[in-house]
Structures are given as structure tokens and as C-alpha cells.
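For this one, chain A is given, so just place chains B, C and D on it according to the hints.
What follows is each chain in one-letter form.
There are 4 protein chains.
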Amino acid sequence: MLQTRELFDSLASRTDHVDNQTLATAADALSACAQAVTACAVGMLAGKEADELRDAINRDLNCSDVACATRRVLIRGTGADHGLLAAQLQACVMACDDSHELCARHAPRHEHCRLCSEATERAAAACREVIRSLRA
Amino acid sequence: MLQTRELFDSLASRTDHVDNQTLATAADALSACAQAVTACAVGMLAGKEADELRDAINRDLNCSDVACATRRVLIRGTGADHGLLAAQLQACVMACDDSHELCARHAPRHEHCRLCSEATERAAAACREVIRSLRA
Amino acid sequence: MLQTRELFDSLASRTDHVDNQTLATAADALSACAQAVTACAVGMLAGKEADELRDAINRDLNCSDVACATRRVLIRGTGADHGLLAAQLQACVMACDDSHELCARHAPRHEHCRLCSEATERAAAACREVIRSLRA
Amino acid sequence: MLQTRELFDSLASRTDHVDNQTLATAADALSACAQAVTACAVGMLAGKEADELRDAINRDLNCSDVACATRRVLIRGTGADHGLLAAQLQACVMACDDSHELCARHAPRHEHCRLCSEATERAAAACREVIRSLRA
Chain A
1 MLQTRELFDS
11 LASRTDHVDN
21 QTLATAADAL
31 SACAQAVTAC
41 AVGMLAGKEA
51 DELRDAINRD
61 LNCSDVACAT
71 RRVLIRGTGA
81 DHGLLAAQLQ
91 ACVMACDDSH
101 ELCARHAPRH
111 EHCRLCSEAT
121 ERAAAACREV
131 IRSLRA
Chain B
1 MLQTRELFDS
11 LASRTDHVDN
21 QTLATAADAL
31 SACAQAVTAC
41 AVGMLAGKEA
51 DELRDAINRD
61 LNCSDVACAT
71 RRVLIRGTGA
81 DHGLLAAQLQ
91 ACVMACDDSH
101 ELCARHAPRH
111 EHCRLCSEAT
121 ERAAAACREV
131 IRSLRA
Chain C
1 MLQTRELFDS
11 LASRTDHVDN
21 QTLATAADAL
31 SACAQAVTAC
41 AVGMLAGKEA
51 DELRDAINRD
61 LNCSDVACAT
71 RRVLIRGTGA
81 DHGLLAAQLQ
91 ACVMACDDSH
101 ELCARHAPRH
111 EHCRLCSEAT
121 ERAAAACREV
131 IRSLRA
Chain D
1 MLQTRELFDS
11 LASRTDHVDN
21 QTLATAADAL
31 SACAQAVTAC
41 AVGMLAGKEA
51 DELRDAINRD
61 LNCSDVACAT
71 RRVLIRGTGA
81 DHGLLAAQLQ
91 ACVMACDDSH
101 ELCARHAPRH
111 EHCRLCSEAT
121 ERAAAACREV
131 IRSLRA
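Chains as they are written, first to last, in full-length UniProt numbering: chain A, 1 to 136; chain B, 1 to 136; chain C, 1 to 136; chain D, 1 to 136.
Keep in mind that the hints were calculated from the coordinates and are not lab data.
Virtual Cβ for every residue (Gly too), placed ideally from N, Cα, C.
Take the hints with a grain of salt, since some may be wrong.
List time: in silico SDA-like cross-link candidates among lysine to any residue, alpha-carbon distance up to 25 Å [to be verified]: (1) B:Lys48 x B:Ser133; (2) D:Lys48 x B:His110; (3) D:Lys48 x A:His17; (4) B:Lys48 x B:His110; (5) C:Lys48 x C:Arg109; (6) B:Lys48 x D:Arg54; (7) D:Lys48 x B:Arg5; (8) B:Lys48 x B:Arg105; (9) A:Lys48 x C:Glu52; (10) B:Lys48 x D:Glu101; (11) D:Lys48 x D:Arg109; (12) C:Lys48 x B:Ala12; (13) B:Lys48 x D:Ala46; (14) D:Lys48 x B:Asp55; (15) B:Lys48 x D:Ala107; (16) D:Lys48 x B:Glu52; (17) A:Lys48 x C:Ala107.
Quick look at which bits of chain B chain A covers, simulated, 3 or more residues with Cβ under 8 Å [stated by the list, open to error]: (18) 63-74; (19) 82-88; (20) 92-100.
Just chain A, same shape as in the assembly (with noise of 0.2 Å):
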């Protein structure tokens, strides 16, 4: 955690005007959600009811290819406009909701459902924190 806030301290150009706390938050929450939505995908994959649970495979794969495209477009920062980080955090915003709405339900019976719902929560708020701080 510290590294990364470390990290963008040492961006000194960014001109959003957000909490460098704030954005180091969310890009470890979405690096923690790629991480975990990636491994409960194959959790899943590897039971014996993956056809019962493809939408939640689906949905994870989803997830982690926007948290991931969304942590790099958050990294790199957003000059004048904020429009494409802001899109960007509300499109990834949905696919957590949407991978943590399965995975929940799942939790009690797979670990890595339960982690994966953690995760997902965290990054869903994490970017919902950014946003706000974007039209401050």
C-alpha cells in the first residue's frame, strides 16, 4: 500500500486535482479484485459445477479485464478532461457489482467466492471514491 501511494506522490504532473491517497487506494483495490476475480474464475472452472456457475465465470472474466484496463487508465491520469476516467471508473463500477452479485451468493459454500466478493466490494467503493472526488 505504501508503495503505491509513493507511486503517485512521485507523478508530480497530474492536474484531477484527486487525493493521492484516494487514487492509491483504488488502484491497489483494483489490482486486488483483478487478482482475486481471475483466481475464482478458476476456482469455479475447476469444480464440478461449472456449467452451474458460468455467468459467475463470466461475469469474473469480465471483471478482471475492465479492472485491469481501468487501474492503468486511473495510473496514467487524465489531463485536462476527466470524462474518460470518469466513464472508465463507472463502467468497472458495474462489472464489480456484477461479478460480486454472484460470487456473494456463493460464498458460503467456495472460499474463493467469498474472497472474490470481498474484493469486488472493495474495488466497487474504491472507484465510486474517485468518481466523487472527480466532480468535486
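Then chains B, C and D, alone, in the frame of chain A:
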């Protein structure tokens, strides 16, 4: 192009009722776009004016990441809910427009900017077409 | 295809002396491959036999990630040192071969596996061609 | 860190017999690396010396793409055959070393280069550790 249409035809399970040709056109446009912006960023960076083209390079890098993620979400389809696909396409339209805005200006001097500005324009149009179909 | 060749022609600074048509063919083959394996994973997951096709799905997902990264490294070129590009192409050949091995078996029953097995075969061949050129 | 170890523990099906802590350490190091090189590329591009830092920027961009793909292949595991994982880790070691080589030189002047050179060094070491375990 043909192969992409065949790919979507081979996935019988989609429930979003968007025409397969519209999806295939968008997938190919996103792929060509991701390739063109990545190459254009390389070209701008290699030139003597990287300092000056900084914003254009960053926009190309963002566009590449967003277009790649969007293509995957598009291919995976959306099940009953189109929310994520629509939001991700919307973010991608912004990424393409942002990239296009600057590269179109540099198109007269740099062939890679000309190719890039064409590819981003085509990708944005193709994404808008899918968005329209999702709403229909 | 033409546009990809034009893209490489517009990047004057490459120093790896690989023929631009060879690079363009590989970039397009990697792009088509990434698309086909992503779609094929969706198709296998949507079928009634996801449990049985587990390994093939995982190999397709790996192949998509590796092919996308390889395409970008290929486009960026290599400066004086070809080590990374050669190593990444080598990993990509393995990812394509792994994916091809299983999807070719399922090709008679699943059209998306047939398209996927063709795309991975073509991508592996195109990567091998670039590797040969790097060594020449 | 704890969560990543828990993630690997929750995936019971791996057959590659690499210690979960080794895998978790590598996944986290790759994630931190992808973040640091992306940020460092932004920082170098934003500086007054982008023209001069061109090669370092390109190496950072390559490293980010390769590290992200490697992390996913690592999380997915390998079934009976470790070929792809070993090859992809090997390519990643080269990407990290390439990036490290140039950023370590710029570390005294740029904090983002210092953080980046630490992150790439750690990621390369963690990848080498997994490669060793695969061979054991």
C-alpha cells in the same frame, strides 16, 4: 472479417439480440484500433517531438487498454443484462474520441497518426452502432 | 491486412531488420487468435460440457492473454536487443500450441473450436516465422 | 499479501506442486511491478526528457503488458504441463530485467524510476523462484 462473423455465429447462446454482423464489425474495428493506437504511440515516442506529443501518446495508450478490454466484454456477451457492455462501450467511445482528437491534428505530418485517427474513428462509430442496437 | 502493413511501414525507427510484411502478418494472426480463443472459451463455457472442457477453456484464456501481450511487444519493436521479443514469441507459440492441441480434438463437434484451432495454428506459425527472422 | 496466499489456498486443484506462498509472492510482485512500470512510464513521459528516455518508456510499457499476462497464467496454473508457465515466466524475467536496467540508471534523479527499479527487481526474483520450483 468473415472469420469474425463466423465466430459470433458459432456462439449460439447470446441473448442480447444484437445482430452478429454488427458485433463482428465492432470486434474487428476494436482490434484494428488497438493495433493502430499502440503503433502510433510507438511512432510518436520514436520521433523527435515526444515531449510535445505527450498527451497524444497517453491517450493512445489509454485507448489501447480500453479497446482491448471492450473487445473481450463484447465477445463474451452479456446474458440478460446489458449494463456492463453498454457502459464499457461508452467508455471506449470516449477513449477513441480522445485519441482521435489529437492524432487527427498530427495526421498531415505523421502517417501513423493518420492511420490511427482513421482506426479510432471507425472504432468509435462501430461502438456507437452496438450501443444503438442494445437500446433497440 | 493492408492497414497493418502500412502501420509497420509508418514506423521508420525499427532496428530489428525483420521484414515488415512478416511483422504485419504476425500482428494480424495474433489479433485473430486472441479473438478466436476468447470466443471459443465463451462457447465451451456456454455448452453443456463445460466441466469436461475445463482444460481447453483454461488454455484458451491463457492463450488470449499471452497473444495480446505478444502482439504489443511485437508492435513496439526491440531496439538493439531482441531477447524479450524472441522469448515472448516463444511463450506465445507454446500458448497457441497448447490451445490448439485440445481445440483441434473438439473441432468436429464445435464450430468455435474449429475456428479457434485454425486461428491458433496460424498464429503459432506466424510467431515461428518472426523468430526465424530475428535469428537470421 | 495475506489475501493472495489465501486465494491460492482456496484453489485446491493445482497440480504443479509449487508452494502456494511462492506463487502468492510472485503474483503480488508481478502486480506491484505492473503498477510501478505503468506509473514510471507516465512519469518519464511527463518529464522534460521524454525524447531521451524513449527506450526506458518502451521497456516499461512492454514490462507492464508481459507482467499482467504472466500474472494471469500464474494464477490459472498449469495442469500436467508446465511448459507455458515456465516460458512465460522466462519472458517476464527478461522484461523485468530490461526495464530495470534503464530505470536503475535514472533512479537517482527520478523517484518513480527508483520505485520502478525496485519493483522490477523484486518481480524478476520472484519469477525466478517459481521457475526454480517448477524444475524441482
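Here's how the hints hold up against the structure:
| no. | hint | in the structure |
| --- | --- | --- |
| 1 | B:Lys48 x B:Ser133 | 44 Å, violated |
| 2 | D:Lys48 x B:His110 | 22 Å, holds |
| 3 | D:Lys48 x A:His17 | 21 Å, holds |
| 4 | B:Lys48 x B:His110 | 12 Å, holds |
| 5 | C:Lys48 x C:Arg109 | 13 Å, holds |
| 6 | B:Lys48 x D:Arg54 | 10 Å, holds |
| 7 | D:Lys48 x B:Arg5 | 46 Å, violated |
| 8 | B:Lys48 x B:Arg105 | 17 Å, holds |
| 9 | A:Lys48 x C:Glu52 | 9 Å, holds |
| 10 | B:Lys48 x D:Glu101 | 23 Å, holds |
| 11 | D:Lys48 x D:Arg109 | 13 Å, holds |
| 12 | C:Lys48 x B:Ala12 | 12 Å, holds |
| 13 | B:Lys48 x D:Ala46 | 15 Å, holds |
| 14 | D:Lys48 x B:Asp55 | 13 Å, holds |
| 15 | B:Lys48 x D:Ala107 | 24 Å, holds |
| 16 | D:Lys48 x B:Glu52 | 9 Å, holds |
| 17 | A:Lys48 x C:Ala107 | 24 Å, holds |
| 18 | 63-74 | holds (count 6) |
| 19 | 82-88 | holds (count 4) |
| 20 | 92-100 | holds (count 3) |
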